[in-house]
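Please model the complete structure; the sequences and the hints are all you need to start from.
Each chain, letter by letter, is given below.
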Amino acid sequence: MNELLRVKEVRKVYQSQLKGTAVEALRAINFVVEHGEYVAIMGESGSGKSTLLNLLATLDKPTSGSLLLEDSNLNAIKEKDAAAFRRDHLGFVFQDFNLLDTFSVKDNILLPLVLSRMPLQEMEKRLAKIVKDLGIEKLVDHYPYELSGGQKQRVAVARAVITRPKLLLADEPTGALDSKTSDQLLKVFQQFNQSGQTIVMVTHSNIVASHANRVLFIKDGQVFHQLYRGDKNNQAFLETITATMTALLAKEE
Amino acid sequence: MFYNKLALHNLRKNHRAYLPFLLSMLFLVAVNTMTQVIVTNEGMKALHDSASAIGMFKFGNIIIVFFSVIFSLYTNSFLLKQRKKEFGLYNVLGLGKREIYQLMFWENTLSFLLVLSAGIVTGLILAKLGFLVLKKLMGAVTAFTFSFSVSSLFTVLLLFFLIFLFIFLVNCFQIKRMNPIELLLGNKKGEKEPKAKWFATFIGLICLGLGYYFALTIQSPIAAIGMFFVAVILVIIGTYCLFTSGSITLLKILKKNKKYYYQANHFITISNMIYRMKQNAVGLASICILATMVLVTITTTASLYIGKEDSLKNRYTHDISLTINEDPALYKKIVAETADQAGIKLKEMPEVLSSQPLLFFNNKENYQVINNNKNATAKAAKNAMIQLFSLAEYTKLSGNSTSLAANEVLVFPVNGTIKGKTLILNSDRYVIKKTVKKFGDFTAQDGLTDNFLVVMKDWQSINSLLDKWYDGTGYEFYKAKSYQLDFDFSDSSKQMRLDFVAAVKTKLAQQFSDENYNVDSKDEFEESNNTLTGGFLFLGIIFGLIFIVATSLIIYYKQISEGIDDQARFEILQKVGMSHIAVKKVIHSQVLFVFLFPLAVAILHLAVAFSMIRKLLLLFGLLNWQLFLVTTIIVVLIFSLLYLIVYQLTARSYYQIVERKN
Ligand SMILES: Nc1ncnc2c1ncn2[C@@H]1O[C@H](COP(=O)(O)OP(=O)(O)OP(=O)(O)O)[C@@H](O)[C@H]1O
Ligand SMILES: [Mg+2]
Numbered sequence: 001m002n003e004l005l006r007v008k009e010v011r012k013v014y015q016s017q018l019k020g021t022a023v024e025a026l027r028a029i030n031f032v033v034e035h036g037e038y039v040a041i042m043g044e045s046g047s048g049k050s051t052l053l054n055l056l057a058t059l060d061k062p063t064s065g066s067l068l069l070e071d072s073n074l075n076a077i078k079e080k081d082a083a084a085f086r087r088d089h090l091g092f093v094f095q096d097f098n099l100l101d102t103f104s105v106k107d108n109i110l111l112p113l114v115l116s117r118m119p120l121q122e123m124e125k126r127l128a129k130i131v132k133d134l135g136i137e138k139l140v141d142h143y144p145y146e147l148s149g150g151q152k153q154r155v156a157v158a159r160a161v162i163t164r165p166k167l168l169l170a171d172e173p174t175g176a177l178d179s180k181t182s183d184q185l186l187k188v189f190q191q192f193n194q195s196g197q198t199i200v201m202v203t204h205s206n207i208v209a210s211h212a213n214r215v216l217f218i219k220d221g222q223v224f225h226q227l228y229r230g231d232k233n234n235q236a237f238l239e240t241i242t243a244t245m246t247a248l249l250a251k252e253e
Numbered sequence: 001m002f003y004n005k006l007a008l009h010n011l012r013k014n015h016r017a018y019l020p021f022l023l024s025m026l027f028l029v030a031v032n033t034m035t036q037v038i039v040t041n042e043g044m045k046a047l048h049d050s051a052s053a054i055g056m057f058k059f060g061n062i063i064i065v066f067f068s069v070i071f072s073l074y075t076n077s078f079l080l081k082q083r084k085k086e087f088g089l090y091n092v093l094g095l096g097k098r099e100i101y102q103l104m105f106w107e108n109t110l111s112f113l114l115v116l117s118a119g120i121v122t123g124l125i126l127a128k129l130g131f132l133v134l135k136k137l138m139g140a141v142t143a144f145t146f147s148f149s150v151s152s153l154f155t156v157l158l159l160f161f162l163i164f165l166f167i168f169l170v171n172c173f174q175i176k177r178m179n180p181i182e183l184l185l186g187n188k189k190g191e192k193e194p195k196a197k198w199f200a201t202f203i204g205l206i207c208l209g210l211g212y213y214f215a216l217t218i219q220s221p222i223a224a225i226g227m228f229f230v231a232v233i234l235v236i237i238g239t240y241c242l243f244t245s246g247s248i249t250l251l252k253i254l255k256k257n258k259k260y261y262y263q264a265n266h267f268i269t270i271s272n273m274i275y276r277m278k279q280n281a282v283g284l285a286s287i288c289i290l291a292t293m294v295l296v297t298i299t300t301t302a303s304l305y306i307g308k309e310d311s312l313k314n315r316y317t318h319d320i321s322l323t324i325n326e327d328p329a330l331y332k333k334i335v336a337e338t339a340d341q342a343g344i345k346l347k348e349m350p351e352v353l354s355s356q357p358l359l360f361f362n363n364k365e366n367y368q369v370i371n372n373n374k375n376a377t378a379k380a381a382k383n384a385m386i387q388l389f390s391l392a393e394y395t396k397l398s399g400n401s402t403s404l405a406a407n408e409v410l411v412f413p414v415n416g417t418i419k420g421k422t423l424i425l426n427s428d429r430y431v432i433k434k435t436v437k438k439f440g441d442f443t444a445q446d447g448l449t450d451n452f453l454v455v456m457k458d459w460q461s462i463n464s465l466l467d468k469w470y471d472g473t474g475y476e477f478y479k480a481k482s483y484q485l486d487f488d489f490s491d492s493s494k495q496m497r498l499d500f501v502a503a504v505k506t507k508l509a510q511q512f513s514d515e516n517y518n519v520d521s522k523d524e525f526e527e528s529n530n531t532l533t534g535g536f537l538f539l540g541i542i543f544g545l546i547f548i549v550a551t552s553l554i555i556y557y558k559q560i561s562e563g564i565d566d567q568a569r570f571e572i573l574q575k576v577g578m579s580h581i582a583v584k585k586v587i588h589s590q591v592l593f594v595f596l597f598p599l600a601v602a603i604l605h606l607a608v609a610f611s612m613i614r615k616l617l618l619l620f621g622l623l624n625w626q627l628f629l630v631t632t633i634i635v636v637l638i639f640s641l642l643y644l645i646v647y648q649l650t651a652r653s654y655y656q657i658v659e660r661k662n
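In order, the protein sequence lines correspond to chains W and R.
Following my numbering, the residues of the first sequence are numbered contiguously, the last one being 253.
Following my numbering, the residues of the second sequence are numbered contiguously, the last one being 662.
Note that these hints are calculated values from the structure, not bench results.
Don't take each hint at face value.
Unchecked claim - Quick look at which bits of chain R chain W covers, simulated, 3 or more residues with Cβ under 8 Å:
{"hint": "1", "region": "251-265"}
{"hint": "2", "region": "455-463"}
Claimed, not checked - In the SDA-like style, the derived pairs of lysine to any residue whose C-alpha atoms are separated by at most 20 Å in a straight line are:
{"hint": "3", "chain 1": "R", "residue 1": "Lys-258", "chain 2": "W", "residue 2": "Ser-116"}
{"hint": "4", "chain 1": "W", "residue 1": "Lys-106", "chain 2": "R", "residue 2": "Lys-259"}
{"hint": "5", "chain 1": "R", "residue 1": "Lys-256", "chain 2": "W", "residue 2": "Phe-85"}
{"hint": "6", "chain 1": "W", "residue 1": "Lys-125", "chain 2": "R", "residue 2": "Tyr-261"}
{"hint": "7", "chain 1": "W", "residue 1": "Lys-106", "chain 2": "R", "residue 2": "Lys-584"}
{"hint": "8", "chain 1": "W", "residue 1": "Lys-78", "chain 2": "R", "residue 2": "Lys-575"}
{"hint": "9", "chain 1": "R", "residue 1": "Lys-575", "chain 2": "W", "residue 2": "Asp-81"}
{"hint": "10", "chain 1": "R", "residue 1": "Lys-195", "chain 2": "R", "residue 2": "Ile-253"}
{"hint": "11", "chain 1": "R", "residue 1": "Lys-259", "chain 2": "W", "residue 2": "Leu-127"}
{"hint": "12", "chain 1": "R", "residue 1": "Lys-258", "chain 2": "W", "residue 2": "Pro-119"}
{"hint": "13", "chain 1": "R", "residue 1": "Lys-584", "chain 2": "W", "residue 2": "Asp-81"}
{"hint": "14", "chain 1": "W", "residue 1": "Lys-125", "chain 2": "R", "residue 2": "Lys-507"}
{"hint": "15", "chain 1": "R", "residue 1": "Lys-258", "chain 2": "W", "residue 2": "Ala-128"}
{"hint": "16", "chain 1": "R", "residue 1": "Lys-258", "chain 2": "W", "residue 2": "Leu-127"}
{"hint": "17", "chain 1": "R", "residue 1": "Lys-575", "chain 2": "W", "residue 2": "Ala-128"}
{"hint": "18", "chain 1": "W", "residue 1": "Lys-125", "chain 2": "R", "residue 2": "Gln-263"}
{"hint": "19", "chain 1": "R", "residue 1": "Lys-176", "chain 2": "R", "residue 2": "Leu-159"}
{"hint": "20", "chain 1": "R", "residue 1": "Lys-256", "chain 2": "W", "residue 2": "Glu-124"}
{"hint": "21", "chain 1": "W", "residue 1": "Lys-106", "chain 2": "R", "residue 2": "Tyr-262"}
{"hint": "22", "chain 1": "R", "residue 1": "Lys-575", "chain 2": "W", "residue 2": "Asn-98"}
What you are looking at is a predicted structure, and each value in this text was computed from that prediction instead of being measured.
Think of the CB as a built atom: it goes at the ideal place given N, C-alpha and C, for glycine as much as any other residue.
Shown next as structure tokens:
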């Protein structure tokens, strides 16, 4: 397996506009993601998980350090090209779905392709396949307000992967879902991963993290610890994660 | 009391929602105070032609009151929409509905007191100012002084007390129906995509088409008055239907066309516009109608005002004009005596002898005498006024001598044309020997009906025709000869001239029956015309201001409520892979379109209404259509400029909301 993403000495400082005080959300993040990996990033609230994901998503720029996706340096992408880059190489799933209420399910999913000016026929071919994979064929002509949370999130996933991104980024994708629909979504993610999709997912739930192949723990702006699944099944991996978490918390006290 | 404190606190805290409400209510109070004070002003009675001026202002006042009620409800509905969530929260946190009513009662009372006191003070200042403007516009006499009665203020107080009471009841009713959870989540609930409404679109097209057709094809100004209102109603209905349904139907058709729809630019614009139109169509249609009204009111009143000299000149070739149906010798004597007494020098014009102006009905070029006046105006488009002259009179007035056979006539068309070389009067055929270009002091001018001066061989033939046409009793009037005596003043003050005319009128009234003569004074007309055109323009400006404020407010509310929705939408678009610049471009073009669309349609409406309004202006004696055109263009330019300024100001608050997070 070869390297897809390399994050090197990434630091992010937020300058508060009102008081002029600075918040160091990330201090020195280092890690590498290989092709086909499924990585979960964990950490407590405020530890900088979303910040890190936004940097990977080119929605924001680091204060220092570098992020490399294959050969492209994410820092060097200009704002006007960033959008096209996101569209072509990255897919996102957000905690709050971020579907557009003005578009039908079909149009929501097609949105990135339309922005890339893909021919209509090719778009429809991809759409047909993706909605089948996600089991949302019946919903294509509906509007987001008519869907349940789980259905919305599946639509969001469809929109994220229809561009066949190199990297799928997800920020708390199950945050707004109950455990049953969470499970369904995580199964979908696992399937995608098995068919070769690289995934980086942020979560603070042990159970969610236990579906990944590797878990990174972030604390004090650094990657504090990491766990590999090895050949453990989900249940066994969950136990390892829980044990690690307890140990980490205990150390603190 | 706890609730009045909380209410005060709420007013302060919610200033973003409350400020536009308070400001617009304050404005309404001020405008109502101003018009009330002006209408009930004692000074009004000192005006020349005061009855019609007061009538006009009363009418204007009624419209303003009516508008105030509607607009209060409109701005209140926006306020309530923004407050509902908060009330829902209070409700969830344990404040009962009864307490919420109490809270609302205090909020309402506080705003009522605030708005009323500030509004009346502003209104009085405006009234004083407006009064000066009005005085200037009317060129009014010095006796026209400012004063105000407490009772007029009481009317305003009562009006707004009722409005606020009504608003309070409306709000209570809305709160009563609400369910707190619904309210808290209220605006998060997604909206159904609107369906294409073919039927309403169709109705809209028909109404607008008919309205335009009437406006464009109207022939006579008298018919125009009735048609004007029909056309206005049709266009209003049409505009509302097309804005609400037509726009959506059109967008839906575009959306159905996949090739067109699935292109990056069209994709986002169309689907956003469908929602935008659904939410804003009524507001936009209202803006469009209001803008049209402003344009029409201001262009007409300003044209009348600017054109008043012009219409005066057209209407009066001389200072005093006496029309007499009997021997004029005695009249001349009285006028001369009065002038001597007053020390006024008069220049007497040669007297003009003719038949009475006779009304005909143009039935396929056969002019038929109408000898009962009853339904004469019904078909005014086909009516014609004909006045008969003898050849001797023509020779005297024009200095040209020709000869006429018994079946030959000369024609001077004042307004309109006669087709062909023959004139048929009640089936008698006459050969038009010549169409003359000059005839004494008569000038060609646009008018309500066609108007021809016809010269015949001699009075004998004229008399025998009149006898034939008006056979029977009760028609003596039509057969009487008409003498027109014109006088011009040489140097004398306006007041002296007015006094002189008044004196002549009294003296004549003592001696003669008023059926037999008519005195028309240029100065008197000028005075009452000044009052009318000045008053009209003043009302026009007030209406214009009110409409502009209303328009701005609607736009402001629209921008705010849209901004909040759009902010989320555009953020998602950026995350999904649209660049900041592209998003910005889309926002700009949509906002601009939504903005310019009502203005463009309003200008189109005005353009279509142009010829109809021109005909209406004829009724007021404004014949100069070039002047009307120039005024219209200038008004449109000024209005567009104001509109764009309002756009700039409100768009800024919109962009602040939408672009907050980039
Ligand atoms: N736009 C911003 N401006 C200033 N400070 C910010 C901004 N965004 C995040 N922060 C700060 O950066 C730190 C990390 O925030 P981040 O949102 O990345 O946390 P998180 O790990 O995603 O937390 P959670 O699990 O609650 O979502 C926090 O202290 C936060 O206050
Ligand atoms: Mg987060």
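Taking the hints in turn, this is what the structure says about them:
1. Residues of the region 251-265 of chain R with a Cβ under 8 Å from some Cβ of chain W number 5, which satisfies the need for three, so the listed coverage holds.
2. Remark: the region 455-463 of chain R is not confirmed as covered by chain W, as 0 of its residues place a Cβ nearer than 8 Å to a Cβ of that chain, below the required three.
3. Annotation: proposed proximity of Lys-258 (chain R) to Ser-116 (chain W) holds, straight-line Cα distance about 16 Å (limit 20 Å).
4. Of the pairs offered as hints, the one joining Lys-106 (chain W) and Lys-259 (chain R) holds, with about 15 Å between alpha carbons and a cut-off of 20 Å not exceeded.
5. Restraint check: the Cα-Cα separation between Lys-256 (chain R) and Phe-85 (chain W) comes to about 30 Å, which exceeds 20 Å; the hinted pair is violated.
6. Proposed proximity of Lys-125 (chain W) and Tyr-261 (chain R) is supported: the alpha carbons are some 17 Å apart, at most 20 Å.
7. Proximity of Lys-106 (chain W) to Lys-584 (chain R) is assessed by CA-CA distance (about 24 Å); at most 20 Å being required, the pair is judged violated.
8. Only pairs whose Cα atoms come within 20 Å are accepted, and Lys-78 (chain W) paired with Lys-575 (chain R) is accepted, the gap being roughly 15 Å.
9. Between Lys-575 (chain R) and Asp-81 (chain W), the direct Cα distance comes to roughly 13 Å. Compliance with the 20 Å bound is thereby established for this hinted pair.
10. Straight-line distance between C-alpha atoms of Lys-195 (chain R) and Ile-253 (chain R) comes to about 11 Å, which keeps the hinted pair within the 20 Å bound.
11. Simply put, Lys-259 (chain R) and Leu-127 (chain W) have alpha-carbon atoms about 16 Å apart, close enough for the 20 Å limit, and the pair holds.
12. About 11 Å separates the Cα atoms of Lys-258 (chain R) and Pro-119 (chain W), which keeps this hinted pair within 20 Å; it holds.
13. Proposed proximity of Lys-584 (chain R) and Asp-81 (chain W) is supported: the alpha carbons are some 15 Å apart, at most 20 Å.
14. In summary, the hint linking Lys-125 (chain W) to Lys-507 (chain R) is not supported, as the alpha carbons are separated by about 100 Å, beyond the 20 Å threshold.
15. The suggested pairing of Lys-258 (chain R) with Ala-128 (chain W) holds, with an alpha-carbon distance near 16 Å, which does not exceed 20 Å.
16. This hinted pair checks out: Lys-258 (chain R) and Leu-127 (chain W) have alpha carbons roughly 15 Å apart, not beyond 20 Å.
17. This hinted pair does not check out: Lys-575 (chain R) and Ala-128 (chain W) have alpha carbons roughly 24 Å apart, beyond 20 Å.
18. Distance hint between Lys-125 (chain W) and Gln-263 (chain R) is fulfilled; the C-alpha atoms sit about 17 Å from each other, no more than 20 Å.
19. A hinted pair counts as satisfied when its Cα atoms are at most 20 Å apart, and Lys-176 (chain R) with Leu-159 (chain R) does not qualify at roughly 26 Å.
20. For the given pair, Lys-256 (chain R) sits about 15 Å from Glu-124 (chain W) by alpha-carbon distance, which is consistent with the 20 Å threshold.
21. Between Lys-106 (chain W) and Tyr-262 (chain R) the CA atoms are separated by roughly 11 Å; this keeps the pair inside 20 Å, and the hint holds.
22. With a C-alpha separation of about 9 Å, the suggested pairing of Lys-575 (chain R) with Asn-98 (chain W) holds against the 20 Å cut-off.
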